[in-house]
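*Asks:* Position chains B and C against the provided structure of chain A, taking the given hints into account.
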Amino acid sequence: MASPVMITREIDARGSYCPGPLMELIRGLKSALEGEVIAVISSDPGSKTDIPLWVQKSGNELIEIESLDGGAARFIVRKHVRK
Amino acid sequence: MFGHTAQDKQQQLAPLPAPAEATPPATANRLAIVLFSGTIDKLMSASIMATGAAAMGMDVEIFLTNWGALAFRRGDYTSNTRVSADYADYRGTLLEQMAAKKVTSWMENLEGAKEIGNVHITACSHTMTLFDLQLSDLEPIVDEVIGVAAFIEGARDSAMTLYI
Amino acid sequence: MATTYQVDKTVDAKGQVCPMPIVTLAKAFRDLSAGQILAITATDPGAKKDVAAWAEKTGNSLLEMVEANGVLTFYLKKV
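Residue numbers (numbering that gives the first Met the number 0), protein chains in the order written: chain A, 0 to 82; chain B, 0 to 163; chain C, 0 to 78.
One thing to keep in mind: the hints can contain errors.
Interface residues of chain B toward chain A, partial, derived using beta-carbon atoms under 7 Å [what the hints assert, rightly or not]:
id, residue
1, S124
2, H125
3, I145
4, V147
5, A148
6, A149
7, E152
Negatives, chain B to chain A, calculated, CB over 12 Å [what the hints assert, rightly or not]:
id, residue
8, T26
9, T38
10, M43
11, A84
12, A98
13, K100
14, K101
15, E138
Note that these hints are calculated values from the structure, not bench results.
Glycine included, each C-beta is placed from N, C-alpha and C at the ideal position.
With the rest of the complex left out, here is chain A:
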């Protein structure tokens, strides 16, 4: 079980349609500093495939996905951690 992560900024994108939540994550990471953590809350089912895929391709780190009430999920992403 991961120790609590400090989220630098959280964006609530509930109600936003694909690809909205992904765009919010991309914008959020763009203005973040290396190592900072951005969380996006999404109610869009497409985020479950799109966000992990994008994070992997872009070389960022998907820390975790939390299931929330009402079918939403919180995607927690750290910017550009080189392994």
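*Replies:* Just chains B and C now, with coordinates in the frame of chain A:
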């Protein structure tokens, strides 16, 4: 300022999905179809392309969006006789000839394609949300609901991409 | 005049409309062992080229195609 509190931890933690499970790895030997239409003339065309590709050993990726997704609602195909509006005058003939020549339906074609080849059918999350649909509201032949990025990624290296 | 083949399996795809003939062919081939010969009849004009293309793509052998009275008969050998 934003940290996890003990309260947050009580939420159920979902396991990280391997991105590879979202769509099969992109290969050049693939036909990708964006199926936007829900009229039977276009559904038939898409299903024949998919079946031909599957028979020829290509991977097939079908992304159902807009009317294409609605056409896959459970049971809808049994009563869908919509034809493209521009060719409304051919509708009668088309339906007659399909029955007279015992042409396999577009759904049967897709079932056959899945049986003989590697066919993956996904539904567009945007459309599903707009029309308040879940995967369980669709025919079981649809494998999963995905977002646009996942489709693009799966289709980008395809030998052929069709927009129907 | 067709050569006489030792046909192991016969499949009737007459009346089937594209794409069914090659779906029927692909399904029938799955049950064959290497070296076995299948005969398939079809009336769909598209089948002429489709069957040849399928055979070439899958690496199986199209031995012969016979056309008589609008019926096409294909003899294929599983490689």
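*Asks:* Now tell me if each hint is right for this structure.
*Replies:* For each hint, the structure was consulted:
1. S124: holds, 3 Å
2. H125: Check passed: Cβ of H125 (chain B) comes within 4 Å of chain A, closer than 7 Å.
3. I145: holds, 4 Å
4. V147: holds, 5 Å
5. A148: holds, 4 Å
6. A149: holds, 4 Å
7. E152: This interface hint holds because 6 Å falls under the 7 Å limit.
8. T26: At roughly 16 Å from the nearest Cβ of chain A, T26 (chain B) sits farther out than 12 Å, so the non-interface label holds.
9. T38: Since the minimum Cβ distance to chain A is about 24 Å, T38 (chain B) lies beyond 12 Å and the statement holds.
10. M43: holds, 28 Å
11. A84: holds, 27 Å
12. A98: It holds; A98 (chain B) is separated from chain A by about 38 Å at its closest Cβ, greater than 12 Å.
13. K100: holds, 40 Å
14. K101: Holds, since 39 Å exceeds 12 Å.
15. E138: Non-interface label stands for E138 (chain B): nearest chain A Cβ at 17 Å, farther than 12 Å.
Hint violations for this structure: none, all hints satisfied.
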